[in-house]
Every structure is written in C-alpha cells, then in structure tokens.
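Colleague: Hints given; two lone chains; assemble the complex.
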Amino acid sequence: MVTKKALLTSVLFTASVSLAASVNGAGSSAIAPLLQDWAQDYVSYTTVQVNYQAVGSGAGIRMVSQRMVDFGASDAPLKPSQLKRKNLMQFPIAAFGAVFAYNLPGVDHLKLSTKAVCGIFSGRIRYWDNPVIKAANPGESLPHLPILIAVRADKSGTTYTVTSYLVKACGSQLRFHKPSKKPFWGLYNIVAAKGNAGVAAVIQKKQGTIGYVEYTYAVKGGLKVVSLQNRDGYYVEPSLKGFQSALKYAQWGPENGFYASLTYQPGKETWPIVGATWALLPKEKVNRNKMVMEFFNWGYTFGDPIAKKLFYAPLPESVKEKVRKMWVDYKYGSNTK
Amino acid sequence: MKDYSDLKALGKKFRFQDLIFEKFLLLTALIFALILVGIFIVLFKESSYTFKEIGFLKFIFGTEWDPDSDLYGALPHIYGTLITTMIAILLATPLGFGIAIFLAELCPPRLKTVVGTLVEILAAIPSIIYGMWGLYVLVPLMSKYVEPTLHKIFDHVPILNELFSGQMFGTDYFTAGVVLALMITPFIASVTRDALNVVPPILKESAYGLGATKTEVIVKVMFPFAKLAIIGSVILALGRALGETMAVTFVVGNFPNLTVHLFDPGTTITSTIANEFGEADNQLEYSALIALAFLLLVVDFLILWVAKTVFLGKARKYNL
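For the protein sequence lines, the chains are A and B, in the order given. Just so we're aligned, residue 1 is where the first sequence starts under my numbering, counting upward by one. Just so we're aligned, residue 1001 is where the second sequence starts under my numbering, counting upward by one.
Hints are supplied without guarantee of correctness; some may be wrong.
Unchecked claim - Heads up, simulated DSSO-like pairs for lysine-lysine below, C-alpha to C-alpha not over 27 Å straight-line: (1) A:Lys86 <-> B:Lys1052; (2) B:Lys1144 <-> A:Lys205; (3) A:Lys134 <-> A:Lys86; (4) A:Lys206 <-> B:Lys1144.
To be verified - Listed next, the stretches of chain A that the computed footprint assigns to chain B, with coverage defined by at least 3 CB atoms under 8 Å from CB atoms of chain B: (5) 59-67; (6) 143-154; (7) 176-186; (8) 201-208.
Bear in mind the hints are in silico, worked out from the structure with no lab data behind them. C-beta atoms are modelled at their ideal positions from N, C-alpha and C, and glycine is treated no differently.
For reference, chain B alone in the conformation it holds in the complex (with noise of 0.2 Å):
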C-alpha cells in the first residue's frame, strides 16, 4: 500500500515538472513570434506617415528617388531586390546541386571530409568580407573580362542581348547577383548534400541491381526522394539573399535604375536603406527608409510563402 502511494506522488511530481517544461517551451516559442508582430507594428506605425504623404500606390510604384526633392519611389528598390536574388538562386541552384552530388557520391573518402569543411566554412564566411572581395577583385574581373565577353557572345540573341548589356563599370546588378550566388551555394550544397546522405542504400542498390546507371540513380532515386529537403535549401537560400545587405551594397553601384541590362548599376532595398538612414535628417526620409524596410518583410513574406505551398506543397503530393 505503502508503495503504490509513493508511486502516486511521484507521478504527480513528474506530471507537474512535464507541465513547467511544456509551459516554458511555449513561452519561448511565444517570445519570438511576439517579436516578429512587434516588429511588424513598428516599422508599420513609423512608415505610415510616409504612406500617409506620398500616398501607398505612389509610394511602391514611384520610380524616383530623391530626398532632396523629396521624391520617394520604392519600385526601382524592389526590383532590384527581386533581379539579383533571382540571378543568384538561378546561378546558385545549379552550382549547389553538382557540389552536393559531387561530395556524396562521387568524391573519395579522404577529400570528403576537407572539400565538405571547405564549403561549411564559406557559409560562415561575414558577408562584409564577400563585399570587400566583391569590390577589390571581382568588379575589375567582371568589368575586363566577364562582361565584355558575355556581351559578345549574345550579341546577336534576341532577348539575352538587352540582358547583357549595360554600362559594364562592374557595379552592377549581374555582379551583385554573383556574389550572392557564391553566399549562397554553400547553403544549397551543405542541406543538398546532407539530404542525399541519408537516402537509405537499399533504394540505391536496388536501382543498381536493375541495370540502372550512376545518372539515372542520382536523378531519379535520390533526388526525388531528398526532394523536400533540397527544395527547403533552396528557399533558406532565397531568404538570405533577399535580406543581404552589406556585400550588396558594396558591389551593385547604388543608382535607383528600373532596366532590363544587367551590366548597368542599380539598387536593392537593403543597400539604399544601409547607405541612408544613418543619415537621414528629415522626417519623411526616415520614414520612408521604414517603409523600405516594411515593403521588404512583406516581399520577404510573399515569396517564402509562395515558395513553400507552391512548391513544397508540389512535392508532398506527388511524392511523400
């Protein structure tokens, strides 16, 4: 009797020590989605007043911007956001995907280990360093040789020889759109190749056993079975790439510029607002610096959003 007492006690205790660690976690979930709604209020509130004077519409699709005549145009920002992420997961997809093969299929156990470091350590790399890098080394190269040279070669193809074209100083948005793909590949390839790592052999081996190649074993064993695992990279990818800010900035000219070349200078929302607010002496700047700052959480929002039902959502359907 005496036992089965003690017994009752103890459950309680425990069920009381679950309750405080159930109740402490959500606290800690709670916290942080609090100050994503907190920030959300205030960059809110502080560019309303801008919303307020230009008008909303006016606002996002204003093409100028400048605060001496107080001209406040977000769309040249936002474009450029959206142009050199887009070039930088296009260049960036493809790189990771052969680095993330290439280490876990194809490279001999003793290189693994120091290729595999190599590319974790470049997703550490601060981002400042790939700005100073970007400017000293990459612009000359770009503006001697990469561009003058892709400008040749699609001289004569319809809608790539007004893509590669531009003024080719070598700060511009296709060098801006470089330098984030190299940011970002690591990220792509260390998900894509730890997601290849963990397809169980007895799939692989099963392929084999019916005749199938290494390339048709990669392709249409592994690949779509990490499915979601890489396709969730990629969206980690695009998400860091909308938000950087630093390297950007050192390398994409800094003009508000709406054009299709992409050897021409431009901005993107975290650069203008990097290189003005600290300066910035009059209400309406600051507010409409925020009001950059609010329109890329939403552009944030909208793209990782779409990103993840369209396609993650794909992918569950057809194939998990």
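Chain A on its own, in the form it takes in the complex (with noise of 0.2 Å):
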C-alpha cells in the first residue's frame, strides 16, 4: 500500500515535472525568428517548451535584471562591470550582418570605400556623382542626384551595429562619437522609417537613397547592396562567410563576459558590420540555467542549418567551444555566487 502510494506520487512528481519543463525568455526582436524556429524543433525532441517573446533588447536586459525572465536577449552586449552588478551571465547567441542598400537606376554594383561612406554620412558628399565615390566604380556611370540617406526611426540594434561600424571607421568626422541605438546624426539629407521593412521600403520607393538594413531584409526585398571596403582595404560582398570571419577576429571569452565589438574587424574575407545577439542569465538560478543552457547548445549542436536559412550566421566552432567550457566550469565550478 505504501509502496503503491509512493508509486503514485511518484508518477504524479515527474508528470508535472515534465508538464512544467518549460524555459522563458524576452528581449531582441531581431533574434525571435531563430529563437522561435529553434524552439519549435526543440520542443518536439526533448518536450521541453522555450517561450520567447520579442520585446526589444532594452526590455529584455530589464526583465532578466528583476528575474522575470529565465534569460534576456540584447543586441548590444554588457559591460563586465553591469554584468558584475545584476549578476548576469553573458554568451552570444548567433551573428547578423547589416548591409547598405541603394536605388541608383542604371547602377548594379555599386563599390563605397571607407572614404565614400564617411563623406557620405559626416555631410560632405552631397551627390552621387562625387570624384570619392567615382573613383571605385571606374565602370559605372553615377547620376547627378542628391543623396537621401534613410535610417531606423526606432531604437535598434541593427542602428547600434551600423553606428558602432562608422564610429570605428571614420571618428571624428561624424556628429556622433559613440555606437547608438537611435544617433543623433546631425544630417539634413536623412529620412526616418520604422523597422528594417520600413527602411527598405523607402529605398525601394525613392531614387538616390541609400540605407541600412539587416541582411534578410535586402535579400528577401530584392534590393541592392553596396560591396564595402574592409579594415584591411579589399571589398567584399555581404555574405554569411564573411560575418563569420568578423567573429573569428573578436577579442572575447568567458573572461569579458563575451563583451566584444564585431564591426570593423581584420580579415580579407571580413564584413565590416557585423553585429550579434548577447543571452543573460541570472547567476544564481542554477538549476534554471541547466535547462537554459541545454537548449542553447542544442541550438549550437543542431541549429545551425535552421540560422543559416534565416540569414543569421552561426557562431565559429571555436567561439562555441569557449560557450560550451564556460557553462560547465559554471555547471560543476563555484563561480555560482
């Protein structure tokens, strides 16, 4: 009789436990669509459902810093020090890169070196037939047409990236000094629209613009795209291989909390925008973290066919296999606070 009842509870225990087994998250919308594909294959494997709602980085720092989340998303990385702070632990989830998209009749492959992008955003070069931007396409016949720059009117992670590249690239010339989600970029010759799909739009519609936008958006929109000169001087096509190799370059590890910038990376192959997606998990919840942590490495192990078909480019082996020590000196170490 006992031994039945001990049974039943049993039974009844691992039920719910299984009935429970699910993980929450929020934060970065750009990521949700590779979160959301990945936990749809994974929930069909182990049973174990990964809720994550998109409500933008800054919301999902906020939810994970007050433990309403078992894991944020940002586009933008913490520092060591917050990181230390909100006792947070910090890994990458998966790479993006930003392209410049244009609308110049007549012209298919336009070339900008890193002179050309830096006139254009500092406000010196106004058209596009200016000598700068001539010199790299000999082949090409430039309009005489203003140039209408079109940026996110909302606060993004894709900004963020775009700014942190032309900070790195051009300093002072700009009106800005530091990587923002929304810059105040001091032009006259600028449009605003929202989202990615709104940025794209305004290329599509209005001839002589140029714009930034997620690589998806100017695949999927059919726009063109602008080869760009790298850190080391040659001019590269945007390309999943050539956001991997901005992240082979990164400094980062466990020891800064995977605090890196990957824009203007070295490399002859490397995209100079790249930009990436930061999990958080709070310290503490160790037992949570497990579960967390397994559904990343899924992710890692088996995800990458599903990242790639989305546009995001999967993380290096070499920066998943420092993920991977650090969650196990996490999972078996004492640096669990």
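Modeller: Shown next, in the form of structure tokens:
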C-alpha cells in the first residue's frame, strides 16, 4: 500500500515536472525568428517548451535583471561591470550582418570605399557623382542625383551595429562619437522610417536613396547592396562567410563576459558591419540555467542549418567551444555565487 | 387583506431588486473612473523622476531630444501632435460634412446603404493598415506629385509659401495629417449623417414651403438643428487624432523638429513613445517617455475640455 502510494506520487511528480518544463525568454526582436524556430524543433525532441517574447533588447535586459524571465537577449552586449552588478552571465547566440542598400537607376554593382561612406555620413558628399565615389566605380555611370540617407526611426540594434562601424571607420568626422541605438545624425538629407521593412520601403520607392538594413531584408526585398571596403582594404560583398570571419577575429571570451564589438574587424574576407545577439542568464538560478544552457547547446549543435536559412551567421566552432567550456565551468565550478 | 400584504412584499422585493441594480451600475461607472485616476497617478509617479532631474518647465519647453546625451525636451513632440491633429481636423471636417450631407439628403436610396456601409467600414480599418498603405502608396505620391505641386501653387503667397515648403521626402507632418484626416473622416461623416437623418421632416417641409432652396434648407435648417451632435462628432474625431500612434509613426518622418514647413519630417508624442519605449535602457529615458505620455494625457484633457466648454457651451446657449 505504501509503495503503491509512493509510486503514484512519484509518477504524478514526474508528470508534473515534464508538464512544467518550460523556459521563458524575452528581448531582442532581431533574434526572435531564430529562437522561435529553434524552440519549435527543440520541443519535439525534448518536450521542453521554450517561449520567447520579442519585446526589444532594452526591455529584455530589464526583465532578466528583475528576474522575470529565465533569459534575456540583447543586441548590444553588457559590459563586464554591468554583468557583475546584475549578477548575470552572458554569451553570444548568433551573429548577423547589416548592409547598405541603394536605389540608383542603371548602377548595379556599387562599391563604396571607407572614405566614401564617411563622406556620405558626415554630410560632405551630397551627390552620387562625387569624385570620391566615382574613384571606386570606374565602370559605372553615376547620375547627378542628391544622396538621400534612410535610417531607422525606432531605437534598434541594427542602428547600434552600423553606428559602431561608422565610429570606428570614420572617427571624428561624424556628429556622434559613440555607437548608439538612435544617434543624433546631424544631417539634413536624411529620412527615418520604422523598422527594417520601413527603411527597405523607402529605398525601393525613392531614387538616390542609400540606407542600412539587416541582410535578410536586403535579400528578401531584392534590394541592390553596396560592396564595402573592409578594414584590410579589400572590397567585399555581404555574405554569411564574411560575417563569420568577423567573429573569428573578435577578442572575446568568458573572461570578459563575451563583451566584444564585432564591427570593422580585420581579415581579408571580413564584412565590416557585423553584430550579434547575446543571451543573459541570472547566475544564481543554477537549475533553471541548466535547462537554458541545454537549449542553447542544442541550438549550437543542431541549429546551424536553421540559422543559415534565416540569414543569421552561426558562431564559429572556436567561439562555441569557448562558450561550452564556460557552461561546464559554471555547472561544476564554484563561480555560481 | 391577504392580497394587500402580498403586494407589500412584492413591492419590497422590487425595491430590493432596484437597489441591487442601481448599485451595480454605480460600480461599473466607478470602476472606469478609478482606472482613469489610476492611470493618471501611475504616469505622474513614474514621470516625476524626469521632472525632478530635468525640471518641469525645461522638460516641456526643451527643444532637443537626444537620449545619448541625456537631453530630453518635449516641445517638438507636443508641437508635432498639435500640428498633425490640426491638419487632420481642417481636412476631415469639410470632407466628413460633405459625405454626411450627400448621404442624408442627395444620395439615391439604392446607393445610400452601399456608400453608408463603406464609410462605416472605413472607420473600422485598423490603424496599422492605414500606416502601411500610407508608407507604400501615399508617401511616394506625396513626394512626387502633391507636395511639389502645392509648393509651386503657393510659392508667392506670403504665409502659405512658408507652410507649403520643406524637404518633400513624403514622410512629413503634412502626410501624417492627411493620413489622420482619412482615418477620422468616417467618424465625422457617420455621426453627422445620423444627426441629419433625425431632423424632423416637418421642419424641412416648412422651409421648402416658404420657398427655401435645398442649400438653404441644409445650411440654415438642418445644420443648426443637428449642431450639438455634429460638434460632438468633431470632438470625438479630435480625440482619436491626438492619440493615434501606429499610422502616424509610419509616415511622420520621426525627427523632433520645430518647424513651420509642413513638408519637413517631424514627430509626435505617440510615435516617439512607440519608437523608443521598447529599447529604453536607462532610468531617465524610461521616465522621460512616460512623462511624454503624461503630457499627452494632459493635452488631451485640456483640448477636449476647451472644445466641450467653448463650442458645446455656445451651441447650447444660442440654439437649444
């Protein structure tokens, strides 16, 4: 009788555990499609339900800081000092690239040197037939059209990535001096639209426009994209390979909480405008974190094809190994506080 | 005797029922009053940090908004909200009246239901759809044709040449006003039509009998009779225009900009909140955005109060 009862409770208990097996995350909307697709496959293999709400990076950081969710996701990494204060652990999920798309009739393969990009974004180059732009495009006939710059109206991780690149590449020529989710551009030939889709729409509709969007939107919208000069001086077209190349050169690891800027990295193939989304976990919740880490480990191991299909750049193996080592140290180590 | 006592008991029962019903209705009304007060208190409490850090007047009359440098000035946002609403009301009121008069007086009966229903459906379209349509269809039309044409026409008219100029990208105060106008016109049209429909036929017939023309009947008999409801419809539309978010965000350009040029990009209180709230990562920015919401509520109240006391008050005094 007693054993029967014990058996029953144990059955009930396991049942309730497997029913309650869900992980909640919130934050960046840029990474949402990837996490949601990962979660869909993950639940069919493990019955663990991962719910992710795309509330924006800022709100994600706020929610994980207040311990309202099991993990947050942010497009800008937190500094090691902030991580320590909020007692959070941080690691990258996947990377993405931003590209410049443009609308110029008759010009199909536009190349922009770093000097040209800086000229455009500092307001010194106002027309498409400027000699600086012409110099890199000997084969193209550039029209005498005013340059109109399309930017994001909403605060966004994409803007943060692009301004990070601009600040590194152009330095003091710009009106703003640090990366920002919504900088003070200080330009007059500029138009702001909401979301990647909004910027893409402006570029499509208006001749002479150049703007930045996430790579996915340029591909799906069939926009013409600019080949950029990278830090080593080579002209590169945007590609997942070029995004991954940037991750290899970044100086990041468990010691600095994977805090790194991925833009304007060296390397022959490297695309200069690369960003990533970072996961944030509350350090003190050891048991919940194990579940969250298992999910991300699954994503690292089996999720690359999904990521590529959605135009995210999977992390290079060397970076994944560093993160996995940090997880193992966390599970068996003493640095759980 | 027996019947009489029964009646007494019955009366008691009914009085009790009435009491319960009354209290229930009071409760429903109170709940909404309390929610309003609650919203007010929460917004004020959350925004008090901004008022303390920046200063109440400095926040309201500040002209620069740059969270990176901790600059928070609400004036361009308030200005944008007011100017887009004003354009919308100026365009929508005559348009709405026109539709209403046509539907109530001139429209052949077979068309009446079709056009009437279409106008009502227009009022039910979600604002995001107006926003997308505005961005993909209206904005290119505006920047290519409408704005250059208006600019050319009014080039030599003193004040209007300043108003009808700017960068003409298509995403600007004027386009936002036009989209808002399209959104609120159905409100004005359908309420005004209903008001004109209930004008007693005997009034109209008397006027016709005295030899009045159709125009005179509409302007001098029907409109004065329906004045209260018509002004009410405009006030309702005003309230919707002030608070509209999604559609405006798509087409207003989203730069804090204090300018008289209607063809320049600008911003409104609601679109700034929609753009920045999700990513507001420092305490002051979060609080400043809530302070903007608080200001919108105050502006809303002030305008509706002025509209109600001035216009409705006047209408009551002279006509009814």
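Colleague: It remains to establish, for every hint, whether it holds in the given structure.
Modeller: Each hint tested on the structure:
1. A:Lys86 <-> B:Lys1052: holds (26 Å)
2. B:Lys1144 <-> A:Lys205: OK: Lys1144 of chain B and Lys205 of chain A at ~10 Å, within 27 Å.
3. A:Lys134 <-> A:Lys86: Violated, at roughly 50 Å.
4. A:Lys206 <-> B:Lys1144: Cα-Cα ~9 Å, so holds.
5. 59-67: Since 3 is at least three, the answer is holds.
6. 143-154: holds (count 3)
7. 176-186: Holds: 7 residues of the segment 176-186 of chain A have a Cβ under 8 Å from chain B.
8. 201-208: It holds: at least three residues are needed, and the segment 201-208 of chain A offers 4 whose Cβ sits within less than 8 Å of chain B.
Hint 3 from the list above is the single one not met by this structure.
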